[in-house]
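Each chain, written out:
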Amino acid sequence: MSEYNELIKNFGRIRDYMRDFFVFGFKTRSDFSYKSKRTYDNERRRVENYLGDFLKWDYSGSGKRVFLSVDSSKITQNPFYRAYKSKSFTKNDIVLHFLIIDILTGSEWLSLDDIVDKVNEKSLECFEPQTVRNKLKEYSGYGIVEVKKDKKAYFYSLGGCFVEDSGISSDAVVYFSEATPFGVIGSYIADRMNLKNTKFVFKHHFIVNTLEDNILLDIIAAIFEEKRVEIENYSKRDEVLKKLDILPLMIYISVQTGRRYVVAQAPGKYRFAVYRLDYIKNVKILDRDENFQYELDSLRTCVEAAFSTALIKNIKPEHFEMTLYINEKTENFVIKRLEREGRGGNIEKIDENIYKYSVDIYDTNELTTWIKTFTGRIIKLEGDNKRVIQLFYEDIKTMTQMYVPSRGEGIYE
Amino acid sequence: MNNLFSEIFGCYYRVVQEIVNKAPLSEIEVQKIIRENGFAESCFYILPMLQELPFIEKKGDKYYSLLENKIKLPLTNIEKSWLKAISLDERFSLLSKEFDGSLLDGISPLYDQKFFKYYDRYSDGDNFSDISYIRYFHKINKAMDNRNVIKVIYRSPKNDKITIGHYIPLKFEFSSKDNKFRFYSARIRNGCVDDYVCLNMCRILDVRASNENFEGVLDLEKYIEKFEMEEPVIVEVYDKRNAIERFMVEFSSYKKYSEFDRLTNTCKTKIFYRKTEELEILIKLLSFGPVLRVLGPERFLRLFLYRVQKQEELLEGILN
Chain A
1 MSEYNELIKN
11 FGRIRDYMRD
21 FFVFGFKTRS
31 DFSYKSKRTY
41 DNERRRVENY
51 LGDFLKWDYS
61 GSGKRVFLSV
71 DSSKITQNPF
81 YRAYKSKSFT
91 KNDIVLHFLI
101 IDILTGSEWL
111 SLDDIVDKVN
121 EKSLECFEPQ
131 TVRNKLKEYS
141 GYGIVEVKKD
151 KKAYFYSLGG
161 CFVEDSGISS
171 DAVVYFSEAT
181 PFGVIGSYIA
191 DRMNLKNTKF
201 VFKHHFIVNT
211 LEDNILLDII
221 AAIFEEKRVE
231 IENYSKRDEV
241 LKKLDILPLM
251 IYISVQTGRR
261 YVVAQAPGKY
271 RFAVYRLDYI
281 KNVKILDRDE
291 NFQYELDSLR
301 TCVEAAFSTA
311 LIKNIKPEHF
321 EMTLYINEKT
331 ENFVIKRLER
341 EGRGGNIEKI
351 DENIYKYSVD
361 IYDTNELTTW
371 IKTFTGRIIK
381 LEGDNKRVIQ
391 LFYEDIKTMT
401 QMYVPSRGEG
411 IYE
Chain B
1001 MNNLFSEIFG
1011 CYYRVVQEIV
1021 NKAPLSEIEV
1031 QKIIRENGFA
1041 ESCFYILPML
1051 QELPFIEKKG
1061 DKYYSLLENK
1071 IKLPLTNIEK
1081 SWLKAISLDE
1091 RFSLLSKEFD
1101 GSLLDGISPL
1111 YDQKFFKYYD
1121 RYSDGDNFSD
1131 ISYIRYFHKI
1141 NKAMDNRNVI
1151 KVIYRSPKND
1161 KITIGHYIPL
1171 KFEFSSKDNK
1181 FRFYSARIRN
1191 GCVDDYVCLN
1201 MCRILDVRAS
1211 NENFEGVLDL
1221 EKYIEKFEME
1231 EPVIVEVYDK
1241 RNAIERFMVE
1251 FSSYKKYSEF
1261 DRLTNTCKTK
1271 IFYRKTEELE
1281 ILIKLLSFGP
1291 VLRVLGPERF
1301 LRLFLYRVQK
1311 QEELLEGILN
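If you read the protein sequences in the order shown, they are chains A and B.
Quick note on my numbering: the first sequence kicks off at 1 and runs consecutively.
Quick note on my numbering: the second sequence kicks off at 1001 and runs consecutively.
Source of the hints: derived by calculation from the structure; they are not laboratory data.
Since the structure is predicted, the reported quantities are computational estimates derived from the model, not experimental observations.
Treat the hints loosely; a few may be bogus.
Derived CB-CB ranges, DEER-like [stated by the list, open to error]: (1) A:LYS242 x B:ASN1003: 23 to 29 Å; (2) B:ALA1209 x A:GLU239: 55 to 61 Å; (3) B:ASN1003 x A:ARG271: 32 to 38 Å.
For every residue, glycine included, the Cβ atom is placed at its ideal position computed from N, Cα and C.
Could you put together the complete structure from these sequences and hints?
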């Protein structure tokens, strides 16, 4: 008990646990082999503590399992934001925080000596000037405190930008807290304004993405400054962490699968590489790369001819065609689907109730998932990549054997 | 100093700020603040901590603040940058009319929308910059705040039929995949709630505001619950082509219950859903092909089987 505290120093400590509890939900204590059993117990208790009612548990054959079961369209605020509010601090941190804000409130510029005197007077303790100066420097970095130098002395005052003065509406804060990257910052502002969401619900809402926002923050900062980064990337195939030096160019977001990637030009590669944000454990910002703009322009041309994350350059795109049976009288919505989901593909009516979707892309393999959403309507597939087309036919054969008794082991009559 | 994880945003600082700003407070009132703003076990840690803070004094049952001012934290740089970024979002004008952008002059946005590519977002999303769309949104939002009845002229998605109805808007729904706003509302006929409906913002042809208030009982939750299917879809996902991980992430926005069988390396999952989501779930499951198997319920299985059989028929000459 003495070692346990509900606050934590490093968010990365609980990030993977929360993700596993939420995304998988079937893992038991023994599956969390990357840490000791005791660590697991402590982190599970913390997550339980932060997320309260959202966390459930039960016993399966292999032991107790903890899971987060949430209908994302019902929640009013992303529950993971609560975990962001668990950073530990020292007694000095909290004492200096409140005393400095109190001392600077309503005061003009104060010197370090003035502040130190007042802090020590109010705290009945003896803070070293260096300790107070460090806190003021830290708060100047946050933008809470303003600093000016007059001759050789530094003077400090409280930052002058308050949320109420901005005229920002409650609706905007609440909505964007859920609907944009870094929404947790909106939740901090909502806390200041004592706001609760009673007006918005969110569909297709991948709340787990917020757990990668600290990683994303560094990558975005690097993109702004056209800098390279060193990432610690978990390789699922090799099950190891690898350090990679990459030039981040863009963030790719899938609103359908919930995955987010950084697209980068990596050394020695002939194509743009994508790295899932949830597999990146650490980011270190490196030096500026003069090639940033050239690579970004090059990537943009690739993006035009990509269906999703296969961003290959300098090769000829593959041609693909899918012929579909669509009952025009009753299934107009399928034609609409092709239009809105086809990502630049061409749609052509070739006969009554027969439509052809065609596209040129770098890797036909990327289409396979989407093609299968039209199962039950596909007359034929044609294109340069015969392997992918054959695999689709094989999959349909396998599915037929799975479900139709006369074709195999079918489970349904 | 851009870090999302800092004690200055933490719930302990928030609790202490609430206490010093509202003091004097009784122990029960302090506990209430901790419960409302802290974590489940926070009382256990915060109450002893308060005794050690030199700017809080406990006399008898009361907590007093020794600070001279109410504590009000200015916006941090990262908060200002976030506000700047959202103020540049095309949806911003729907939601904030009074915003004084000059306060953020010289502040760089935290991100630029052009850094993000939502590559599988549907292409027929709403036009958030359309003047009429913005005007309708504001009228609906205002009516939502005041519980006013509005008259909506609407083009129905089913047959493009024009309808005119009276509604009390209750909640906005936003879908990132569709890039669309919809709004739930109670339909009013003869002064009573006739039904609850969900209307697409982009299909609105006109909105006429009124000052007519509705005093009756509204229960949107009950209406939404009506669509919740009693029987979840049950699927078995196989450990092939990274399917378990793909499936779990893709269905993470649904309420689900999963079990993993170590002997067969398969995962059995129950997906809880609403009737209105049935087709979407069916399509999503079809997209996984043979790496998962739908086990039930029977009605859903029939829908799935129909698609598979139909596909086999269409490819008859090719598959053989």
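Here is how each hint holds up against the structure:
1. A:LYS242 x B:ASN1003: 23 to 29 Å: holds (25 Å)
2. B:ALA1209 x A:GLU239: 55 to 61 Å: Since the Cβ atoms of ALA1209 (chain B) and GLU239 (chain A) sit about 60 Å apart, the hinted range of 55 to 61 Å holds.
3. B:ASN1003 x A:ARG271: 32 to 38 Å: holds (33 Å)
Every hint from the earlier list agrees with this structure, and none is contradicted.
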